[in-house]
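Colleague: Starting from the known structure of chain A, fit chain B onto it as the hints suggest.
Chains as they are written, first to last, in the numbering used here: chain A, 1 to 114; chain B, 1001 to 1111.
Hints are supplied without guarantee of correctness; some may be wrong.
Claimed, not checked - Per the computed footprint, the stretches of chain B lying under chain A, defined by three or more beta-carbons under 8 angstroms from a beta-carbon of chain A, are: (1) 1035-1047; (2) 1081-1092; (3) 1099-1109.
Said to hold, decoys possible - To list a few chain A residues with every Cβ distance to chain B over 10 angstroms, as calculated: (4) Pro8; (5) Gln54; (6) Arg64.
Hints listed in this document are in silico derivations from the structure and should not be mistaken for laboratory results.
Just so it is clear, the structure is predicted and the values come from calculations on it, not from any experiment.
Even for Gly, the Cβ is constructed at its ideal location relative to N, Cα and C.
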Amino acid sequence: DTGVSQDPRHKITKRGQNVTFRCDPISEHNRLYWYRQTLGQGPEFLTYFQNEAQLEKSRLLSDRFSAERPKGSFSTLEIQRTEQGDSAMYLCASSPRVLIYEQYFGPGTRLTVT
Amino acid sequence: GIQVEQSPPDLILQEGANSTLRCNFSDSVNNLQWFHQNPWGQLINLFYIPSGTKQNGRLSATTVATERYSLLYISSSQTTDSGVYFCAVERRETSGSRLTFGEGTQLTVNP
Chain A
1 DTGVSQDPRH
11 KITKRGQNVT
21 FRCDPISEHN
31 RLYWYRQTLG
41 QGPEFLTYFQ
51 NEAQLEKSRL
61 LSDRFSAERP
71 KGSFSTLEIQ
81 RTEQGDSAMY
91 LCASSPRVLI
101 YEQYFGPGTR
111 LTVT
Chain B
1001 GIQVEQSPPD
1011 LILQEGANST
1021 LRCNFSDSVN
1031 NLQWFHQNPW
1041 GQLINLFYIP
1051 SGTKQNGRLS
1061 ATTVATERYS
1071 LLYISSSQTT
1081 DSGVYFCAVE
1091 RRETSGSRLT
1101 FGEGTQLTVN
1111 P
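Chain A on its own, in the form it takes in the complex (with noise of 0.2 angstroms):
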């Protein structure tokens, strides 16, 4: 079990260009959540999903971000016209197809928008 991988772990980019970020849950995991983070405050909730079905999004998740797991596996999550405010960590989770749906995170990805 080589638990939750991101790439890449940090990405600088400027304002007005996309960017996609990649998440592998835990192999078997079928539920895959994407978190953001920004500085002094807890994670919060964007969106997750249920194999390949995306069940519930956040208010956070403007049209300007769209996230995908076209084959129940790994997921991304792409930012379109990016702008100074969604500089953040971006953290991705899995949990398994069980009663206890304990989440286990990735290293997240460090987006600096310049």
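Modeller: Frame of chain A, contents of chain B only:
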């Protein structure tokens, strides 16, 4: 939505001291987790504890679901315990859905 309050916001200890961190939540929950966030931002799972008491080495946790609070105990603290501790909960009405995090307790353990 559910509210999560953690206290104290900051805690400074000398190595070897004991501490108690508190998490209050505003509604019934079916998931409560404690995490330690290391300096690189990684969230480390400490406990999955929607109710009852668990212990893992120098750490233990108790959740009293009927009174809507949880406590994390750290005994004989070490410098490596430094970092931010988060409590996160999921509302009872959902299953396997979002976690709502508190704002964390920043713990500093001095040698």
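Colleague: If a hint holds in the structure, say so; if it does not, say that too.
Modeller: Hints, verified against the model:
1. 1035-1047: Since 6 is at least three, the answer is holds.
2. 1081-1092: holds (count 3)
3. 1099-1109: The restraint on the region 1099-1109 of chain B holds, since 6 of its residues have a Cβ under 8 angstroms from chain A and three suffice.
4. Pro8: holds, 14 angstroms
5. Gln54: Label holds. Min Cβ-Cβ 12 angstroms, cutoff 10 angstroms.
6. Arg64: holds, 20 angstroms
Checked against the numbered hints given earlier, the structure satisfies every one of them.
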